[in-house]
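Generate coordinates for the entire structure from the input sequences, incorporating the hints supplied.
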Amino acid sequence: MKNAVGREIPDFLLKDGKEVYQGKNYMDGKYLKKASPCTRRYEKPQESKIVSSIAEALCQVGAKSGMTFSFHHHLRNGDYVVNMVMKSAIEELGLDDITIAATSLGDAHDPIAEYIEQGKVVGIQTSGIRGKMGEVVSAGKLKTPAIIRSHGGRPRAIEAGEVHIDIAVVAAPTSDCVGNCRGIGGKSNCGSLGYAMTDAKYADHVIVVTDCLVDFPNMPASVEAIDVDAVVVVDSIGDPRKIASAAARISQNPRDLMMAENVAKVIASTPWFKEGFSFQTGVGGPSLAANLFLEKYMDERGIKMGWAIGGICGPMVELLKKGKVGKVIDVQDFDLDAVNSINQTPGHYEMSASQYANPANKGAFVNKLDFVVLAALEIDTGFNVNVLTGSDGVLRGAPGGHPDTAAGSKCCIIVTPLVRGRMATVCEHVVTVTTPGDCVDVLVTDYGIAVNPLRPDLIECLDNAGIPHVSIEELKEKAYSIVGRPDDLQWEDDVVAVLEARDGTILDVVRKIKPLSLND
Amino acid sequence: MVINHSATAGTLESSDALITVEPGEGGIALDVTSSVMNQYGRQIKATVLETLGRLDVTDAKVTVVDKGALDCTLKARVECAVFRSCDKSASDIPWGGVIQ
Numbered sequence: 083m084k085n086a087v088g089r090e091i092p093d094f095l096l097k098d099g100k101e102v103y104q105g106k107n108y109m110d111g112k113y114l115k116k117a118s119p120c121t122r123r124y125e126k127p128q129e130s131k132i133v134s135s136i137a138e139a140l141c142q143v144g145a146k147s148g149m150t151f152s153f154h155h156h157l158r159n160g161d162y163v164v165n166m167v168m169k170s171a172i173e174e175l176g177l178d179d180i181t182i183a184a185t186s187l188g189d190a191h192d193p194i195a196e197y198i199e200q201g202k203v204v205g206i207q208t209s210g211i212r213g214k215m216g217e218v219v220s221a222g223k224l225k226t227p228a229i230i231r232s233h234g235g236r237p238r239a240i241e242a243g244e245v246h247i248d249i250a251v252v253a254a255p256t257s258d259c260v261g262n263c264r265g266i267g268g269k270s271n272c273g274s275l276g277y278a279m280t281d282a283k284y285a286d287h288v289i290v291v292t293d294c295l296v297d298f299p300n301m302p303a304s305v306e307a308i309d310v311d312a313v314v315v316v317d318s319i320g321d322p323r324k325i326a327s328a329a330a331r332i333s334q335n336p337r338d339l340m341m342a343e344n345v346a347k348v349i350a351s352t353p354w355f356k357e358g359f360s361f362q363t364g365v366g367g368p369s370l371a372a373n374l375f376l377e378k379y380m381d382e383r384g385i386k387m388g389w390a391i392g393g394i395c396g397p398m399v400e401l402l403k404k405g406k407v408g409k410v411i412d413v414q415d416f417d418l419d420a421v422n423s424i425n426q427t428p429g430h431y432e433m434s435a436s437q438y439a440n441p442a443n444k445g446a447f448v449n450k451l452d453f454v455v456l457a458a459l460e461i462d463t464g465f466n467v468n469v470l471t472g473s474d475g476v477l478r479g480a481p482g483g484h485p486d487t488a489a490g491s492k493c494c495i496i497v498t499p500l501v502r503g504r505m506a507t508v509c510e511h512v513v514t515v516t517t518p519g520d521c522v523d524v525l526v527t528d529y530g531i532a533v534n535p536l537r538p539d540l541i542e543c544l545d546n547a548g549i550p551h552v553s554i555e556e557l558k559e560k561a562y563s564i565v566g567r568p569d570d571l572q573w574e575d576d577v578v579a580v581l582e583a584r585d586g587t588i589l590d591v592v593r594k595i596k597p598l599s600l601n602d
Numbered sequence: 009m010v011i012n013h014s015a016t017a018g019t020l021e022s023s024d025a026l027i028t029v030e031p032g033e034g035g036i037a038l039d040v041t042s043s044v045m046n047q048y049g050r051q052i053k054a055t056v057l058e059t060l061g062r063l064d065v066t067d068a069k070v071t072v073v074d075k076g077a078l079d080c081t082l083k084a085r086v087e088c089a090v091f092r093s094c095d096k097s098a099s100d101i102p103w104g105g106v107i108q
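Order-wise, the sequence lines are chains H and V.
Just so we're on the same page, our numbering is the position in the first sequence counted from 1, plus 82.
Just so we're on the same page, our numbering is the position in the second sequence counted from 1, plus 8.
Simulated from the structure, these hints should not be mistaken for laboratory data.
Each hint should be verified, as a subset may be incorrect.
[Unchecked claim] These stretches of chain H come out as covered by chain V in the derived footprint (C-beta under 8 Å, 3 or more residues):
1) 466-477
2) 500-507
3) 560-572
4) 590-600
Source: prediction; values computed, not measured.
Idealized CB from N, CA, C, for every residue including glycine.
Take a look at the structure:
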């Protein structure tokens with residue numbers, strides 16, 4: 083069945099009430115019956131929950147074949163915990179038929195690809211999928227199609243019981259002996275633990291893995307001891323150099339700066355750019371640089387930003403410290419400046435993934451956003467964005483908060499160069515739709531700006547401010563005139579991944595790629 | 009043009025291609041690998057064959073390792089490799105002739 087972004091969704095996926103994507107806000111007003119975990123009572127006072135090894139913790143919570151394990155990605159590409167726990171479960175305890183439900187997965191998790199090929203890991207539910215795991219899943223080696231969700235779609239699915247977490251594993255930079263966890267104060271600090279919060283509340287069992295045991299009580303706790311079954315102390319939960327980079331530096335690339343300046347110009351031309359406005363930006367070159375130019379316009383108009391959300395990095399913390407933004411609310415930290423600021427700088431708070439972006443709760447932060455500035459791997463003439471599959475059809479990205487912030491904000495700006503190498507970023511049809519075009523408002527490229535025809539109000543803003551813009555078709559033709567018109571990708575029938583819209587409907591599927599052979 | 013000995017041109021940098029030409033065994037044997045194979049493999053093949061045709065190369069083994077080069081880059085690299093293979097790259101390059 084074809085959905086609202088024109089993608090053909092196979093019928094076998096449309097069971098148990100699953101529907102195809104119908105357009106934004108389709109689920110508004112409907113009711114949600116929340117799932118509840120089955121948790122063990124620890125009535126008898128325990129002095130400590132520390133056990134000697136991951137295997138012992140897994141045994142204590144009754145780990146079995148067929149279970150779903152959840153992980154969070156605050157340790158980013160420095161994470162050791164996913165591999166450590168899976169090794170213990172599969173190689174020490176001999177478990178199989180395992181589903182990994184992670185908030186995101188990256189190159190650090192290449193060893194999991196082997197377990198997929200062996201058929202021990204049979205399900206993957208995640209936002210990001212990259213590296214070897216992306217390749218083996220794209221090659222159709224995972225037993226069931228991977229399920230890709232946004233950062234808001236995941237807590238929605240957990241709360242709705244579409245994902246039941248048997249065992250949640252919390253990678254904690256610090257924990258006390260009963261499992262109060264924080265993202266700071268240890269040797270592998272990551273700052274916010276926002277993505278772990280929903281998991282810990284909805285899992286049957288919770289295991290904390292830490293490399294820095296601190297005195298009880300570890301306060302204020304991001305994950306609380308009331309939800310934790312066992313604590314394991316290991317030598318290291320991750321590589322600090324890969325968890326948080328040194329300060330995210332603003333790009334010096336003149337092309338990025340030109341695009342960033344145009345982003346700021348577009349923002350400044352709209353009625354929402356006024357005292358107290360709200361903002362989120364990605365950490366990519368031109369998105370991050372937009373901060374710099376925005377500050378200039380704020381100074382000119384004598385206005386301040388009310389609040390900012392998102393994955394947070396240094397330049398935003400800098401604005402907070404200068405008093406140019408009122409509050410920063412943070413689900414994940416990208417650099418040491420942000421890690422060292424959360425819960426320390428007045429006005430810098432932590433939030434859960436649900437509070438950040440869940441479309442099924444009663445008011446996530448994204449719904450109050452004025453502006454979001456995002457990147458894209460591809461954007462097509464329907465303003466649909468792909469941030470998941472490479473233009474060769476292989477899984478190597480993550481929707482993250484992209485679809486959530488795009489849908490929630492009043493003005494969603496995509497900033498991307500027109501071509502990357504020989505790839506046309508602006509194209510006829512994106513490989514996979516990860517953010518539907520009805521949520522995307524403005525496209526800023528190095529060859530021009532285009533406004534979604536669904537937003538005549540924004541077209542008027544740009545015209546009034548004298549900002550030139552063209553149709554997105556013109557940008558696409560310009561791109562193809564440089565790199566040549568690509569051949570259509572060839573696919574097998576097998577579905578290797580299902581892309582869920584944030585509301586739980588099906589936005590797109592990724593099929594197994596048929597590699598081109600010139601000898602045919 | 010006759011390929012006298014093997015020669016290469018280009019690099020493995022992103023947006024470039026490494027072209028190797030060797031004396032052939034009767035006809036053109038072309039091997040293409042590319043980071044953009046699925047979308048541009050056919051066009052790369054057509055561009056390389058067209059360039060070889062323009063240079064009147066009929067007997068060669070040609071290996072293309074492409075890293076997303078644009079057509080203009082591919083043409084220039086093929087031309088350069090062919091001229092090197094018959095020692096004409098130091099002088100005698102027919103600018104404005106077959107090299108456009």
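How the hints compare with the structure:
no. : hint    : in the structure
1   : 466-477 : holds (count 3)
2   : 500-507 : holds (count 3)
3   : 560-572 : holds (count 7)
4   : 590-600 : holds (count 4)
Hint violations for this structure: none, all hints satisfied.
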